[in-house]
Amino acid sequence: MKKTFRTLFSLSMVVMLLLQGCGSAKKADAPFEPKYDKDTEFSLTVAGSYSNFESLEAEFERFYEYYPNASLQYVSLDDYNNTISSALVGSEPPDIFTTKSSMIGDEKYDDMFDACEVLSDSSVDIDYSCIRSSLIRATDAGDVVMLPIFTTSYGMLVNMDIFEKEGLKVPTNYKELVSVCEKLKSAGYESPVMGADRFSGSGLFNCFVYPMYAYNVIQNSDKVNALNNFEPSSGELMRPALERLDEFVKSDCIDVAKCQEEITDEYEQVIMRFFEGDVPMMFAAGDTVSGTAKRESKSDAFSANPFKYKFFTAPAGDDGGYFINSISICFSVNKNSKNLDMANEFMRFLISRKELNNMAGLKRLITPTDDFSADEIYSAIADIPDKRSFSDKETGLLDPAVRQFRAAIYAVGNGTMTVDEAIAAYGSIPEE
Amino acid sequence: MRRGLIIAINLLIMGFILFFIVRYANEKADESYENGIIAFEKMTVTTNQIIANYLEDEQHLCDIWANYVNFSAQEGAPMTDDEAISFIRRAKTTPEIQAHLIFLDSPKRAGISTTAKVSDPDVYDVSYKNINIFDNIESAGNSNDAVKLTRAYTNPMNGVQSIAFYNFVTVLDKESGEQKSGILMRVVPLSSLEQKLVFLKGEYENVEISLIDKEGNYVVRGKSFKNSNFFEYFKSYNKASAEEYGQVTGKIAGGTGTMTIKNFKGEDCILSYTPLEIMTTWVLLAYIPAKDLVASRSIDWLLLGIASLGFLALLIFNSVVMMIYNRELSEAAQQANQANEAKSYFLSTMSHDIRTPMNAILGLNEMVLRDSKDDSIRMYSESIRTAGSTLLGIINDILDFSKIEAGKMELVNVDYSPASLLNDLVNMIQQKAEDKGLSLNLDIDRNIPTTLNGDEIRIKQIVINILSNAVKYTHQGSITFSVHAHQIPDKPDSVMISASVADTGIGIKPEDLDKLFVAFERIDEKKNRNIEGTGLGMAITQRFLDMMGSRLEVESEYGKGSVFSFELEQKVANWEPIGDFEEAFRRSLSERTNYREKFTAPTARVLVVDDTSVNLMVFVNLLKRTELKIDTAESGDEGIALFAKEPYDVIFLDHMMPEKDGIETLKEMKALTDTPNREIPIICLTANAISGMREMYTNAGFDDYLTKPIDVEKLETMLLQYLPKDKVKLVEDDAEISFADEKDESELPEFLAGIKEIDVDAGLEYCGDSEDYVETLRLYAGSAEKKAEEIEKYWAERDIKNTTIKIHALKSASRSIGALELSELAARLEKAGNSDDTETLEKELEELLSRYRQLAVELEPLREQEECL
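Quick mapping for you: the protein sequence lines, in order, are chains A and B.
Numbering-wise (our numbering), the first sequence opens with residue 1 and increments by one.
Numbering-wise (our numbering), the second sequence opens with residue 1 and increments by one.
These are computed hints drawn from the structure, not numbers from a lab.
Accuracy of the hints is not assured; some may be wrong.
Partial list, derived from the structure: chain B residues whose beta carbon lies under 8 Å from chain A [stated by the list, open to error]: (1) LYS92; (2) THR94; (3) ILE131; (4) PHE134; (5) THR154; (6) PRO156; (7) MET157; (8) SER191; (9) LYS226; (10) ASN227; (11) SER228; (12) LYS645; (13) GLU646; (14) PRO647; (15) THR707.
Some chain A residues well away from chain B (every beta-carbon gap over 12 Å; in silico) [as the list claims (entries may be wrong)]: (16) THR45; (17) PHE53; (18) GLY105; (19) ILE218; (20) LYS250; (21) PHE372.
No farther apart than 20 Å at their CA atoms in a straight line, the calculated lysine to any residue pairs in the SDA-like style are these [unchecked claim]: (22) B:LYS235 with A:LEU362; (23) B:LYS235 with A:LYS108; (24) A:LYS108 with B:VAL123; (25) B:LYS265 with A:PRO385; (26) B:LYS92 with B:GLU178.
Ideal placement from N, C-alpha and C gives every residue a C-beta, glycine not left out.
Generate the whole structure from the sequences, applying the supplied hints.
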């Protein structure tokens with residue numbers, strides 16, 4: 001109950017904060033005006049979990065145009081989730097650090113969030129109105145201490161050249177998917193849809209039906225608590241998604257065994273298999289898509305025969321796909337930073353439509369701003385109607401509940417459980 | 001040279017110097033850059049050593065801990081993990097360094113730390129479950145590397161980027177009571193290692209040191225490297241083929257070296273690499289932006305800037321000085337021009353002022369020569385003509401030279417008769433040669449074509465100059481004038497004329513030959529001071545020959561004589577040879593007459609306008625025998641009045657007249673419409689004969705011009721050109737002469753033909769007609785005795801000067817009556833008198849006087865005849 005209350009309170013506070021931010025949308029588009037003397041000498045360290053963060057380093061360079069004597073560096077921390085708290089109180093604390101939406105509300109990170117600058121404080125002067133409101137997270141106290149930099153989603157990569165070659169349109173609902181798959185199958189594509197048969201969020205079953213499930217949960221928000229509390233009867237809410245999944249894996253759309261055989265991880269293998277050029281649709285999460293740009297040159301097949309590809313929502317629903325937007329990473333400022341003013345200044349620079357779009361474009365993740373057109377690969381998302389577009393946070397599902405659903409689809413998708421069995425076992429379905 | 005050109009050349013030189021400096025500076029900078037790279041590579045190797053020493057020291061400390069713990073185990077009293085950590089806690093002195101004792105076999109790769117977790121002071125447990133640094137621990141453990149080191153990682157106890165030195169220890173498991181293996185790690189903050197490299201900051205501010213393993217994975221990563229793997233980083237930002245990429249990875253993994261790579265900004269960077277001595281699997285990378293190694297280049301640019309400014313200042317200074325000098329030079333040039341204009345004005349004035357009276361002198365003298373019957377007067381008159389011609393020659397030389405100097409002398413090529421030219425030349429020079437007792441030998445090629453094309457006037461001037469010089473500087477002996485023609489191969493239309501004049505004169509010293517063609521320079525001035533001349537003749541001759549593409553050759557032997565020669569290429573208009581010129585000349589000589597008009601034109605009318613009445617008289621008298629009707633006017637206005645009402649065929653208009661000059665008069669005449677003379681030629685009479693006059697007069701509207709003193713030949717030629725043909729009747733020389741001969745001979749007393757001493761034809765030629773001849777013979781005979789006595793008297797007194805003058809008169813008088821042999825004898829004695837040769841006079845004077853008296857006796861009938869009449 002405490003968690004539920006905390007979540008609802010947070011959401012209400014977010015709404016209030018967003019109402020405040022919306023009025024200054026134009027301000028976010030205004031060119032960055034340095035607040036301090038441009039000759040100010042300072043250094044900042046940004047800590048994160050990415051082993052390298054080129055898109056951020058590109059922003060460092062852009063920031064140097066305003067502060068040429070600044071020195072910013074990115075430090076990758078091992079075992080980030082466990083070491084960031086220590087780092088913040090250690091001898092070499094970072095000035096800015098990455099956070100995840102899942103961290104908020106987790107007691108483990110309370111100390112970490114205590115060390116965060118309140119970015120919604122007017123004195124900090126950061127205008128985040130350009131960020132989609134559904135992506136703003138706040139503490140119990142209603143303070144915004146983290147701002148999303150990248151977001152992700154679940155869907156599929158589509159080889160546009162194959163569709164053009166076969167004279168087909170990318171399916172927008174399940175019926176079309178089945179129809180298109182039949183045609184592709186007859187055209188010689190053994191498994192028109194592929195993906196990594198993995199338990200994780202990037203696994204093919206999750207990419208296919210989790211958005212559909214999440215939408216169903218939002219539509220039945222009165223049952224969210226029951227789901228989070230693993231009440232056995234609440235598992236019934238999974239039925240539409242599980243049945244659609246069962247129907248899907250049994251159709252000609254996908255050859256799961258082939259997927260298991262040819263794609264052994266949910267990242268590198270997904271991309272490299274897709275670049276072979278013979279997979280019309282590849283289920284993937286946005287995090288996986290972010291790795292495509294670098295791997296184009298690593299794939300001999302793609303280098304020899306490059307093709308155009310885009311990201312689409314998975315057409316699991318009868319009316320169409322669902323765009324569920326999850327925060328990939330956020331940035332927080334260490335309020336104990338020796339260069340707090342300049343850390344806030346960098347955040348003030350970074351939190352703008354232009355810079356966030358720029359970073360997302362370089363990273364090939366989904367921008368947190370309301371402008372999807374900046375990156376062509378994600379441009380199709382803009383076509384999803386608002387009704388079927390939502391944030392994962394809106395579901396109210398807690399991580400354990402999400403993991404139970406993931407366990408259910410993993411079992412059904414791989415045929416280890418029937419739909420009924422999975423529904424009946426909700427709360428106790430074995431996880432990986 | 002124009003100022004712009006000078007500035008351009010200066011700028012060019014400046015540019016060249018600057019280019020040289022830039023190139024030199026660049027070469028030096030490149031050299032410095034190369035040296036910088038070498039030094040940087042050396043620094044990398046030094047750094048390698050420092051890092052190696054540091055790592056070895058740290059490893060050694062780790063090993064001491066491990067050895068102590070292991071020694072306890074070897075002694076049979078193994079430490080527990082708590083005891084081991086407690087020992088190390090006591091042993092280590094630096095707070096930032098931690099020791100972690102990790103048991104890889106435990107599920108979470110857990111262990112114990114010497115230092116509590118910063119976020120929870122009660123926690124000493126440490127886990128490396130999610131920190132992937134032990135993957136290669138077994139292979140690393142088996143290696144022979146002196147240092148066992150992890151990659152840089154995040155210390156889970158304090159979140160600080162660290163490296164860990166490790167060794168294997170054996171401790172006692174408290175729970176099982178058995179010994180178990182663990183890894184003892186000496187965890188050192190990465191910043192400690194970086195501090196060891198602080199010495200680099202002075203020299204290489206932006207150097208970044210990285211350590212990578214053989215696969216390119218970073219152990220320690222420089223800030224500028226973006227990817228997690230160096231080779232990936234290289235591939236991302238450097239365009240390289242698979243082969244090149246392989247070479248790069250091979251080089252870096254294989255030894256020490258330096259290469260240039262692009263960083264993520266596309267900038268050139270220098271990367272030095274060397275394998276870590278103590279860990280064969282690790283490579284040290286030293287990275288620095290290339291521009292940091294070429295900082296000294298900016299100093300060269302500063303020098304270049306200073307040099308450029310210096311050159312510019314020098315150019316401006318020089319330009320100012322040059323402008324000042326130019327201004328002074330310009331003023332000097334202006335003064336020189338003014339002086340030159342004054343000289344031209346002087347020449348013009350001199351030309352006019354001398355030629356105007358000369359016109360009167362020579363014109364009237366010509367009248368005297370024509371009309372006088374008195375032998376002495378004719379002789380004096382002849383002298384006046386000779387002296388006048390000499391004076392005119394000098395003036396003409398000066399004027400020609402001024403023309404040449406002004407670059408206004410032009411050649412006018414016309415068809416001409418070489419025979420006629422030679423005839424004129426020989427005529428002009430023979431008398432002078434004879435007067436000096438020199439023999440003129442002719443050697444004229446029979447095959448010279450009849451008609452050539454060239455500037456006849458200038459050729460004549462050239463030869464006259466040479467011949468005149470030969471006569472002037474030869475006191476005895478001969479002058480040989482040779483002209484030959486040669487075919488020119490490949491030029492069928494032209495012939496090469498070779499002319500030479502050889503004399504037996506005084507000759508020229510070799511050292512004086514160069515002076516020969518210098519204007520106003522006279523050779524052997526002291527010796528030749530009595531010889532008239534300006535010193536311009538040879539200079540003008542050489543200039544003319546230059547203009548004709550030839551040059552004057554001189555061979556001379558001092559005291560013996562000289563040979564002047566030249567060759568001229570002339571176009572041929574008629575190849576028919578001239579034949580035996582000497583014979584033709586002798587014949588023409590014998591047929592020579594004093595003067596004969598070229599034509600008569602009794603119906604033609606000429607108007608001549610001149611403010612000097614004497615000149616008008618000369619003009620009229622010169623043309624008397626042409627029977628032209630000549631009206632005269634003494635002013636421009638008077639001339640215009642006549643022009644308006646009387647019809648004329650040609651008008652001669654003097655230029656220099658008071659009140660209204662010739663050009664103004666001409667303009668008014670041309671402006672008149674109501675006149676019968678609208679289309680008739682108007683010729684300018686001028687004493688101005690300097691260069692540019694022709695252009696000036698033709699531009700002013702004159703049809704032609706004629707210089708004064710008037711040469712009757714030129715005047716008649718000009719009239720023949722401009723008078724209407726139907727009004728002109730040409731005089732047929734032969735017919736007139738034969739008619740005259742018949743007429744004269746019929747009137748001559750017959751006994752004259754029987755006198756051997758005289759040649760009647762020659763006498764008639766000199767005297768003009770038989771009447772004049774008979775009268776001359778009477779005068780000759782009548783004065784003979786008196787003159788002979790005077791000669792005897794002067795000779796008796798040994799007054800050689802007056803004796804010679806009288807012999808000279810006898811010579812001229814005898815020739816004028818055709819007593820040619822007697823005249824030649826007198827000439828010989830005159831020469832003897834001039835050279836104080838008394839011996840010859842003594843020997844031959846008596847014969848001369850005897851023959852003189854005998855001739856007078858033989859002519860006595862004429863006197864008697866006169867008395868009878």
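Least C-beta distance from A:THR45 to chain B larger than 12 Å: 10 Å, violated
Hint check, B:LYS226 versus chain A [nearest Cβ-Cβ separation less than 8 Å]: 5 Å, holds
Evaluation of the interface hint that places B:THR154 against chain A, nearest CB under 8 Å: 4 Å, holds
Assertion that A:PHE53 lies farther than 12 Å from chain B (Cβ): 8 Å, violated
Status of the B:SER228 interface restraint (C-beta, 8 Å, chain A): 4 Å, holds
Interface hint for B:ILE131, Cβ within 8 Å of any Cβ on chain A: 4 Å, holds
Cβ separation check - A:PHE372 to all of chain B, threshold 12 Å: 27 Å, holds
Interface hint outcome for B:PRO647 [beta carbon to chain A under 8 Å]: At about 102 Å, which exceeds the 8 Å cut-off, the nearest Cβ of chain A leaves the hint on B:PRO647 violated.
Proposed interface contact between B:MET157 and chain A, which counts if any beta carbon pair is under 8 Å: 6 Å, holds
Exclusion check [A:GLY105 not at the chain B interface, CB over 12 Å]: 19 Å, holds
Non-interface claim for A:LYS250 versus chain B (Cβ beyond 12 Å): Answer for A:LYS250: holds, closest chain B Cβ roughly 38 Å.
20 Å Cα cutoff - pair A:LYS108, B:VAL123: 15 Å, holds
Comparing the model with each earlier hint shows violations of hints 1, 2, 4, 12, 13, 14, 15, 16, 17, 23, 25 and 26; every other hint is respected.
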